[in-house]
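2 protein chains.
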Amino acid sequence: MKIAVDAMGGDFAPDAIIEGVALAIRAGLPDQVSIVLIGQQAVIDEQLQRHGVANHPALEVMHADDVVEMGEHPTKALSQKPNSSISIGFKLLKEKQVDAFCSAGNTGAMHVGALFSIKAIEGVIRPCIAGFVPQLNGGTAIMLDIGANADCKPEMLAQFGELGSIYAQYTFGIDQPRVALMNIGEEEQKGSLIAQAAHQMLKESRRIHFVGNIEGKDMFLNRADVIVTDGFTGNALFKLGESFYNIVTERGFNDEFIDRTNYESVGGSPIIGVNGNVIIAHGISSATAIKNMLNLAIRQVEADAHRKIAQALS
Amino acid sequence: MKIAVDAMGGDFAPDAIIEGVALAIRAGLPDQVSIVLIGQQAVIDEQLQRHGVANHPALEVMHADDVVEMGEHPTKALSQKPNSSISIGFKLLKEKQVDAFCSAGNTGAMHVGALFSIKAIEGVIRPCIAGFVPQLNGGTAIMLDIGANADCKPEMLAQFGELGSIYAQYTFGIDQPRVALMNIGEEEQKGSLIAQAAHQMLKESRRIHFVGNIEGKDMFLNRADVIVTDGFTGNALFKLGESFYNIVTERGFNDEFIDRTNYESVGGSPIIGVNGNVIIAHGISSATAIKNMLNLAIRQVEADAHRKIAQALS
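Residue numbers (UniProt numbering), protein chains in the order written: chain S, 1 to 314; chain V, 1 to 314.
In short, the hints are calculated from the structure, not lab data. In this text, all values refer to a predicted model and were calculated from it rather than measured experimentally. Glycine included, C-beta positions come from ideal geometry on N, C-alpha and C. Heads up, some of the hints might be wrong.
[To be verified] Quick list of in silico lysine-lysine cross-link-like pairs, BS3-like style, CA-CA up to 30 Å:
| # | chain 1 | residue 1 | chain 2 | residue 2 |
| --- | --- | --- | --- | --- |
| 1 | S | Lys190 | V | Lys96 |
| 2 | S | Lys190 | V | Lys2 |
| 3 | V | Lys153 | S | Lys217 |
| 4 | S | Lys190 | V | Lys76 |
| 5 | S | Lys76 | V | Lys76 |
[Stated by the list, open to error] Looking from chain S toward chain V, a few residues come up when the C-beta cut is under 8 Å (computed):
| # | residue |
| --- | --- |
| 6 | Met182 |
| 7 | Phe220 |
| 8 | Ile284 |
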């Protein structure tokens with residue numbers, strides 16, 4: 001299994017990225033897992049040296065001249081920079097030279113890159129980004145969409161339920177994932193016109209186990225394994241949830257659950273609904289976040305959820 | 001000043017309501033403030049006796065035969081139950097026999113009752129519900145809408161900015177309230193089509209001090225005094241924010257800020273954009289919440305924000 005990592009993407013790249021890869025290597029990668037670092041060869045080599053993992057057998061370096069900056073327009077940047085680390089990452093993924101591609105760089109470019117290279121799975125209306133939400137009982141829910149689609153139609157929301165259910169089934173090993181719709185009341189007639197219509201579609205879907213509406217207050221309360229929401233509300237909720245960690249720990253309190261609300265603990269969010277494994281990490285990713293992102297990538301390649309999604313929709 | 005309180009509204013009514021009123025009386029109401037308890041006279045009298053405030057000079061009881069239950073359809077309930085405590089509360093408010101009306105009962109009935117009795121201020125597209133959001137620096141922001149309008153047009157969002165600004169100015173005494181739009185990115189081209197359009201309108205408004213977009217992670221970070229959002233996203237965010245208190249305190253931690261994330265600390269949410277002071281309290285309101293709701297009502301009557309809004313829009 002080969003995991004490609006954009007060495008140049010993120011606010012603290014390449015330092016934090018390469019340090020994170022070094023952490024993962026020193027913690028011990030599973031057999032047959034190797035990492036392909038994409039970026040400026042000289043910079044990467046120097047950093048690998050510094051972290052004591054130069055010439056490690058589980059490491060490859062793929063040179064990329066260019067970098068897509070954080071603020072660049074995704075489509076323009078990708079067409080103007082075919083030799084950027086993100087462009088090359090998607091080229092490798094499309095050619096199946098790697099099994100997953102991860103970056104803490106420009107989120108829009110990662111999303112557009114995935115759509116243009118490995119493309120949406122046939123039958124998927126719109127791929128989306130899934131966020132991992134720690135649950136108070138120790139479990140994890142996935143929330144989707146958390147930002148790829150600010151405007152969603154009801155049929156997109158209904159499909160997010162299916163995509164999330166298959167992802168949770170294969171990646172988390174949950175037999176019949178509970179799918180809930182984020183809404184502003186428990187009753188089915190509550191919410192925006194779009195949420196009301198989506199509720200009916202989710203209720204009628206035979207492919208999922210729909211448990212009804214949940215509210216913002218339920219996000220951490222183990223009410224669902226899959227939380228369906230549009231990319232606007234989902235993004236706002238997910239970011240508020242993430243802010244929780246700093247607020248609480250800066251006040252001198254922490255425990256196992258609070259720790260899991262730290263973005264670092266998962267390290268990335270998969271794009272769901274494309275023909276491959278693409279993981280977007282936080283722009284501010286630290287070395288620890290990158291190490292955990294690699295674990296997620298490995299788990300995702302093993303679970304092979306995107307192929308199960310393609311089978312389910314074919 | 002007279003504050004009308006629905007004695008029958010809320011999951012723990014009438015007990016928690018009357019206990020809360022008793023708490024407020026024992027803590028000492030400001031001179032010239034009296035409370036009108038609306039509900040079943042015999043039940044209220046017995047409870048007042050139990051809490052040792054029967055026949056208190058600052059108290060009046062107004063009998064109401066009927067009760068709008070929590071699950072009832074707002075419009076139907078109000079038309080079928082003209083002698084319910086909510087219907088009588090709005091009658092008193094409309095006739096200016098009281099200066100404010102507060103209830104922890106059926107939120108929809110409170111909203112519809114306000115629209116049908118004291119009505120929307122001329123020029124207000126849609127009244128909304130404002131939530132108080134404690135800020136880490138000790139201040140308070142108001143977020144609007146938090147649930148009255150699940151579907152919002154850009155011009156409604158832009159107007160929420162104006163309404164919230166005037167409310168914050170007069171109720172909190174903030175000179176030039178900072179108005180921000182809840183969005184999924186800081187750049188003005190980010191977000192849903194509605195958020196993008198609202199951003200432009202807020203930016204062009206000369207009546208407010210618009211500081212741009214904020215994100216979910218900024219909700220507690222003192223980035224704004226007024227947070228503009230649609231009633232769907234706002235409701236979900238507000239309820240997630242409220243859930244922090246239980247999560248943290250159940251884990252054995254608390255401090256001044258965490259305490260302020262407790263819904264009890266403010267005790268209610270005003271309806272903004274109607275011709276009077278209407279406060280909706282949480283269904284689960286405890287006696288402490290009701291006591292604090294009364295403080296908010298007094299403050300709001302003193303601030304007279306609804307008249308300032310009417311002047312600004314005329």
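Against the structure, the hints:
Restraint check for S:Lys190 and V:Lys96: not satisfied, since their Cα atoms lie roughly 33 Å apart, outside the 30 Å limit. Distance hint between S:Lys190 and V:Lys2 is unfulfilled; the C-alpha atoms sit about 34 Å from each other, more than 30 Å. The suggested pairing of V:Lys153 with S:Lys217 holds, with an alpha-carbon distance near 26 Å, which does not exceed 30 Å. With a C-alpha separation of about 17 Å, the suggested pair S:Lys190 and V:Lys76 falls inside the 30 Å cut-off, and the hint holds.
Between S:Lys76 and V:Lys76 the alpha-carbon distance is near 55 Å, which puts this suggested pair outside the 30 Å criterion. Because the closest C-beta pair between S:Met182 and chain V is about 6 Å apart, less than 8 Å, the hint holds. Given the 8 Å rule on beta carbons, the hint for S:Phe220 holds: about 6 Å separates it from the nearest Cβ of chain V. A distance limit of 8 Å between C-beta atoms decides the matter here; for S:Ile284 the minimum to chain V is near 11 Å, and the interface restraint is violated.
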